[in-house]
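The opening residue of the sequence shown carries number 1 in our numbering; numbering runs sequentially from there.
Keep in mind that the hints were calculated from the coordinates and are not lab data. Careful, some of the hints might be misleading.
Listed below are the simulated DSS-like cross-link pairs for lysine-lysine, each with C-alpha atoms no more than 30 Å apart in a straight line [stated by the list, open to error]:
id, residue 1, residue 2
1, Lys15, Lys25
2, Lys52, Lys35
3, Lys11, Lys28
4, Lys28, Lys17
5, Lys25, Lys44
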Amino acid sequence: MIDEEEEIVSKLEAKIKNLESLYKKYRKAYLDIFKRFKKLALRKKEEEVRIKKLLKDLDLLLNNIKEGFDRLEKVDERLSAIEEEIQVVKMRLDKIEKNLFKYKEKL
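When you get a sec, could you build the whole thing from the sequences and use the hints?
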């Protein structure tokens, strides 16, 4: 009976050691996975912050481009107005030239 009890005790001790080693193994694996998820979560957060900054920079760039196009439109309008004035001045010069030619012929 004592032999049977010792055998049962030794089997239980072996199972306990096996369970302890499994526990250590799975705990280590769990901690490794937890660390990886923690790193991934941190990396994800950093990427989100980076993306937000890039989107903000892109928005500023688009606003600058829009302002540039608005300025170009104003410059184009001014150039058109100047071209119209030049045409008016040319017409006046032509009239003056014709009148001078007429006066020259009369003289």
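Here is how each hint holds up against the structure:
no., hint, verdict
1, Lys15 / Lys25, "15 Å, holds"
2, Lys52 / Lys35, "26 Å, holds"
3, Lys11 / Lys28, "26 Å, holds"
4, Lys28 / Lys17, "16 Å, holds"
5, Lys25 / Lys44, "28 Å, holds"
Checked against the numbered hints given earlier, the structure satisfies every one of them.
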